[in-house]
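Using the sequences provided together with the hints, build the complete structure.
Residue numbers (our numbering), protein chains in the order written: chain A, 24 to 349; chain B, 757 to 1011.
Some hints could be false.
Simulated restraints on C-beta separations [what the hints assert, rightly or not]:
1) B:D869 - A:S190: 51 to 61 Å
2) A:G214 - B:K822: 41 to 51 Å
3) B:A982 - A:N107: 15 to 25 Å
4) A:L109 - B:A889: 22 to 32 Å
5) A:L33 - B:D869: 13 to 23 Å
6) B:G871 - A:Q59: 50 to 60 Å
7) B:S990 - A:G345: 34 to 44 Å
8) A:S164 - B:R891: 30 to 40 Å
What the hints contain is simulated information worked out from the structure, not anything from laboratory work. Treat the numbers as computed from the prediction; the structure is a model and nothing was measured. Cβ coordinates follow ideal geometry from the N, Cα and C atoms, glycine included.
So the chains spell out like this:
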Amino acid sequence: MISSKHLLLLATLILLAMISFLLSLLSGSVDLSLGQLLRELCQPQNDLAGQVLREIRIPRALAAFTTGGLLALAGVIMQVLLRNPLADPYILGISGGAAVGALSAILLGLGGWWMSNAAFAGALLSVVLVFGIANKFGRWSVTRLLLTGVVISAGWGAVINVLLTTSSSNNVQSMLFWLMGDLSQSRVGFGHLTVLLAGVLGGLYLSRSLNVLVRGELVAASLGVNIKAMRLLLYLSASLLTATAVTIAGSVGFVGLVIPHMLRLLGARDHRLLLPCSILLGGTFLVIADALARTIIAPQQLPVGVVTAIIGVPSFLVILRGSIKK
Amino acid sequence: MAILELNSLSLRIGATQVCSDLNMRLQENQRWGLLGKNGAGKTTLLHALIGLVPVQSGEILIRGIKLENIPRQELAAGVGILFQHGISELPATVMETVLLGRHPHVQSLLRDDPGDLKIARDALQDLKLSELADRQVDTLSGGERQRVALAMLIAQTPDLFLMDEPNNHLDLAFQVELLRLLDRKLKQHASALLMATHDINLAARFCEYIILLMGDGEFVNGPTEAVLTSENLSKAFDCEIGSIVGQGRTFFYPQ
Chain A
24 MISSKHLLLL ATLILLAMIS FLLSLLSGSV DLSLGQLLRE LCQPQNDLAG QVLREIRIPR
84 ALAAFTTGGL LALAGVIMQV LLRNPLADPY ILGISGGAAV GALSAILLGL GGWWMSNAAF
144 AGALLSVVLV FGIANKFGRW SVTRLLLTGV VISAGWGAVI NVLLTTSSSN NVQSMLFWLM
204 GDLSQSRVGF GHLTVLLAGV LGGLYLSRSL NVLVRGELVA ASLGVNIKAM RLLLYLSASL
264 LTATAVTIAG SVGFVGLVIP HMLRLLGARD HRLLLPCSIL LGGTFLVIAD ALARTIIAPQ
324 QLPVGVVTAI IGVPSFLVIL RGSIKK
Chain B
757 MAILELNSLS LRIGATQVCS DLNMRLQENQ RWGLLGKNGA GKTTLLHALI GLVPVQSGEI
817 LIRGIKLENI PRQELAAGVG ILFQHGISEL PATVMETVLL GRHPHVQSLL RDDPGDLKIA
877 RDALQDLKLS ELADRQVDTL SGGERQRVAL AMLIAQTPDL FLMDEPNNHL DLAFQVELLR
937 LLDRKLKQHA SALLMATHDI NLAARFCEYI ILLMGDGEFV NGPTEAVLTS ENLSKAFDCE
997 IGSIVGQGRT FFYPQ
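Right, here's the structure in full:
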């Protein structure tokens, strides 16, 4: 059910997203006033501020927003697929596979392009592995998929540790940044945005079925939902969204787990609303987190994944408390 | 034409033969009871009737059309089922849950049809849930949750109601209330009902026909008076069951 209260939530999130962009564009080592920023956005100048804006800040804010949106969307889908409140985009081992790919690229001294593609390949390998094994032995069940994912995840964890302990300290630094999620090298391209757009449009198209599926597979089947097709579709789309996100920014934690829950607690349980809201809030959240990551201990930068946890934990607890009071 | 027709249906779950060569025709306005001891396969039979469990052999026809040839959504618009185990515990309000019953009928992707909202509200009223409409389902009692599940089924407005222990968790007054409500709904929409239950006396009172599963693939089906005899019941439940006549009705009790 969608009420005017829900539309207000959507409008508020859109406004928040725009504010977060402005804040992000204003923060950094080169000072920029709001007036200057608006002038630059309307009429691009070829001065230092303009260059910093176009070449550094805008692409980075865009990368942050896209990553946050992808992760939050993937989180919603995983939670529906597994019907488990603890499900997040990484629970089935996608980030582990991606990490092994990315870390191997770092170990071999390969550049950014290689890192992204190795991460993507690692993620896909993990997706195929988990789904293949979960389907291999007899009847499909959510528990089987979840357990397979968790076990494969643990396996990747071991490989990651091997890579970390055997690498030079130079490499370990970049590896740790990747593992915690880092946007300093991130750029989004047409492909990333297409995945995000396809994800939300496809999700909206299926949103009514998602509403039913959340209540359990038997109920959904009895109400006319094609369970087998939905399982496969949800698994593959959540995987693609997550793989795309980790390709952009490494494994940024927390966004995919907490943003969907925050929105549900705020009353956005209907997927027609929850999906677009997740992208907006997930994106906004990461844009702000990244702005903070760049400025808190400037000129040094924190990995954005650290900041998402620092601001995510208390704000989630506040909302949780509010919802219990009600 | 029969709403539901089973032609020499055989069904097996694990090591249990639920039924072999079961033939039956369930017509509009008929009320059928499905009885049998624990593990005899009542739930499996109900699930098979909407294609959730594969059958061994035989065919299931819904209004003359083979089950496997009916598109999912069309089937869900015509046949509704009440599951024995309730709905999941992820947060949702009572109204949101009941409105899901309209899923098979929904036309618009993004818009909620006022007609659907009205049907859901009426269903809430039928089950005396109107005051709880905005409550979270996970804050409700067992009986209230059962009523939410029943309201969802009523909102689905099926031609054929399949119900797995509908009086689970309901107090005595509400059990009677529910039977009255179902009676009214069946008459309103020329629909039919098949309910699995452990309450022999309730089935005797409410159902005109009975399928009694013996637990080994054998069964007895037909008009209630013919099927519900001490002899049949004792055999089906592995327990001596006696009967007593009072107030013009026959009551059954374990001896």
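Results of checking the hints against the structure:
1. Distance hint for B:D869 and A:S190: a CB-CB separation of about 60 Å, consistent with the stated range 51 to 61 Å.
2. For the hinted restraint 41 to 51 Å between A:G214 and B:K822, the CB-CB distance of approximately 46 Å keeps it satisfied.
3. B:A982 and A:N107 have their C-beta atoms about 49 Å apart, which leaves the hinted 15 to 25 Å range violated.
4. Separation of A:L109 from B:A889 is about 30 Å and conforms to the stated range, judged on CB atoms against 22 to 32 Å.
5. Restraint check, A:L33 to B:D869: a C-beta distance of roughly 21 Å satisfies the suggested window 13 to 23 Å.
6. At about 55 Å, the CB distance of B:G871 to A:Q59 agrees with the hint of 50 to 60 Å.
7. Taken as a hint, the range 34 to 44 Å is violated for the pair B:S990 and A:G345, whose Cβ atoms sit roughly 59 Å apart.
8. Judged by the Cβ atoms, the range 30 to 40 Å given for A:S164 and B:R891 holds: they are separated by roughly 31 Å.
This entry does not satisfy hints 3, 7, going by the numbered hints stated previously.
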